[in-house]
Amino acid sequence: MHAIVISRPGGPEVLEWQEVPDPRPARGEVLIEVAAAGLNRADLLQRQGYYPPPPGASELPGLECSGVVAEVGEDVEAFKPGDEVCALLAGGGYAEKVAVPWEQVLPAPAGVSLVEAAALPEVACTVWSNVFMVGRLRRGETLLVHGGASGIGTFAVQLAKAFGSRVVVTVGSAAKAARCLELGADEAIDYREEDFADKVQADVILDIIGAKYLGRNISALAPGGRLVVIGLQGGAKGELDLGMLLGKRASIHATGLRTRTVAEKGVIVRGVGENVWPLVSAGSVRPVVHEIVPMADAAGAHRMLESGEHIGKVLLAR
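At position 146 of the sequence shown (counting the first as 1) the number is 145 in numbering that gives the first Met the number 0, and the numbers step up by one without a gap.
Capping the alpha-carbon separation at 20 Å, the derived lysine-lysine pairs in PhoX-like fashion look like this:
hint : residue 1 : residue 2
1    : K247      : K198
2    : K236      : K211
3    : K198      : K211
Treat the hints as calculated values from the structure; they're not laboratory data.
Could you put the whole structure together from the sequences, leaning on the hints where they help?
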């Protein structure tokens with residue numbers, strides 16, 4: 000098969016479309032003929048040499064895909080050849096085929112094209128596990144989402160609104176603010192002009208920035224609030240005011256998805272299938288796709304993601 004190979008750590012130019020050995024499904028795995036793969040910022044870090052795949056995972060980039068089941072390994076009963084699916088991966092999505100544990104596979108939801116379904120696994124699993132499983136967001140509470148126009152952000156806005164919460168986002172342009180409001184956000188704060196900590200008291204904050212926002216995030220938490228950190232775009236080390244955290248009876252959680260065990264990912268995937276997929280199929284929550292790029296031009300897609308001008312997901316399609 001052909002796949003995108005990272006020839007060496009570096010810029011987008013190190014992504015090369017090469018012939019590589021075909022994967023084979025092991026016991027408990029599903030082999031997917033890939034239709035499309037979603038891009039994530041973790042892919043950029045892996046390309047630069049900062050985010051190696053966990054032990055035993057494919058060295059190829061790509062943390063989510065959609066496609067058709069080509070073959071199943073022993074002990075797989077939930078899927079069969081010909082099924083249209085999408086999957087959460089530990090790696091290997093930028094390829095014509097990928098093998099993945101069946102617990103991390105979901106049926107492609109109704110009402111979404113097979114290519115667009117590649118935009119869903121990573122954002123759905125990230126938002127469901129962090130906002131609802133860890134953050135315990137409840138109806139009527141306020142969610143603050145940093146990077147509201149990102150793939151994760153656009154999905155979080157829709158899902159939280161579908162569950163009856165108030166949603167505030169931070170964005171970096173008027174166009175991104177307008178799109179988030181169209182998706183259902185109650186308020187969009189341009190971080191270039193306003194300090195979000197002066198504007199909102201949130202029950203749950205979904206944060207991709209990390210250290211740079213730590214102090215202001217604590218200030219922006221309501222009493223009993225939950226800060227969930229899922230990214231470190233603003234650094235990994237910051238100063239924490241424990242007195243303020245204590246006074247608010249608030250909590251901080253820091254989580255990742257890629258390095259979790261198959262069993263842990265399986266719990267999240269099942270939760271998405273039960274709680275999120277019905278909303279997607281009904282049209283209440285939709286994938287937001289900025290652009291679909293040929294898989295062989297992964298370098299161009301990475302440049303697009305790095306520019307920060309996109310709204311929603313960038314996909315690679317075969």
